[in-house]
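Visitor: All chains should be built: construct the whole structure from the sequences, respecting the hints.
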Amino acid sequence: MSDRTPLQLYVYAVDDNDRPAVLEAIAEFSLALEWGQGETPPRHLELGRCYGVHEATLGSSDDLANLLRSSAPSAVFTLWQDPYMTADGHLVAHVPGVGSYETGCDAEGTPHVDAVGLAARLGRLAEDATVRDWLSGDGDGLLGVTVLAALHQHEKSCAA
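Position 14, counted from 1, in the sequence shown is what this note's numbering calls 29; the numbers after and before it change by one each time, with no gaps.
Please keep in mind that the hints were generated in silico from the structure rather than gathered at the bench.
Small disclaimer: the values here were computed from a predicted structure and weren't measured.
Don't take every hint at face value.
[As the list claims (entries may be wrong)] Below, in silico cross-link-like pairs of lysine to aspartate or glutamate (DMTMM-like), each with a Cα-Cα straight-line distance of 25 Å or less:
{"#": "1", "residue 1": "K171", "residue 2": "D155"}
{"#": "2", "residue 1": "K171", "residue 2": "E70"}
{"#": "3", "residue 1": "K171", "residue 2": "E117"}
{"#": "4", "residue 1": "K171", "residue 2": "E49"}
[As the list claims (entries may be wrong)] Estimated spans, in silico, between C-beta atoms of each pair:
{"#": "5", "residue 1": "R139", "residue 2": "G51", "range": "42 to 52 Å"}
{"#": "6", "residue 1": "H167", "residue 2": "G51", "range": "26 to 36 Å"}
{"#": "7", "residue 1": "S85", "residue 2": "A122", "range": "26 to 36 Å"}
Beta carbons are placed, not taken as given, at the ideal position from N, Cα and C, and that holds for glycine.
Guide: Shown next, in the form of C-alpha cells:
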C-alpha cells in the first residue's frame with residue numbers, strides 16, 4: 016500500500032465554462048465538500064469552501080494542480096497535501112495571469128521556507144540591494160509574494 020495523507024482544495028474563482036472541469040477534478044480525486052459533509056461527488060461548486068479527502072496517495076497534489084491548470088485554466092485555487100513521516104507537505108497556489116507558487120508546507124498549508132537556502136540567496140545579494148529589490152526578484156520566487164498576495168484578494172472576496 017502506498018503512503019497516503021490528507022489532500023485539500025479551495026477554489027476561489029473560476030469562469031462558468033471551467034466549472035464542470037473543476038467538478039470533474041474534484042470527483043476524480045474523491046474530494047468531498049468539508050471532508051464529506053456534502054454530497055459526493057458534488058453537483059455544484061461552492062467557492063471558498065474546502066474540498067478534502069483524508070487519504071490521498073503522496074504526489075496527488077502535483078497531479079491535481081496540473082489537472083486544474085490544464086482543464087480549468089481560469090481557476091484560482093490553493094491546494095495542499097499534508098506531510099508524511101518521510102515527506103514534507105506540498106502547497107500549490109495558482110492565480111491565472113499571475114502564476115503558480117509551489118513549496119513545502121505543514122498540515123495547515125502554511126508554507127515552509129528552507130532557512131539554509133534563504134541564507135544562501137541573501138548572501139549572494141549585491142551590497143546595495145534592498146529588501147524591496149530582492150522581494151521583486153529572487154525573493155518573490157522563493158516566498159511566493161506576488162501569487163499569495165493575489166490569492167489573498169480572491170480569498171477575501173469569497174469571505175465577504
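Visitor: Has the hinted range 26 to 36 Å been met by the Cβ atoms of S85 and A122?
Guide: holds, 27 Å
Visitor: Starting from the hint 26 to 36 Å, judge whether the C-beta atoms of H167 and G51 obey it.
Guide: With a Cβ separation near 27 Å, H167 and G51 satisfy 26 to 36 Å, so the hint holds.
Visitor: Can the restraint linking K171 and E49 be considered satisfied, given a maximum Cα separation of 25 Å?
Guide: holds, 19 Å
Visitor: With a cut-off of 25 Å on the C-alpha distance, tell me whether K171 and D155 pass.
Guide: holds, 21 Å
Visitor: Is K171 within 25 Å of E70, Cα to Cα?
Guide: Not OK: K171 and E70 at ~29 Å, beyond 25 Å, violated.
Visitor: Does E117 sit within 25 Å of K171, going by the straight-line distance between their CA atoms?
Guide: It holds: about 21 Å lies between the C-alpha atoms, which stays within 25 Å.
Visitor: Is 42 to 52 Å a correct range for the gap between the Cβ atoms of R139 and G51?
Guide: Given range 42 to 52 Å: holds, Cβ gap about 47 Å.
Violated hints amount to a single one, hint 2; each of the other numbered hints is respected by the structure.
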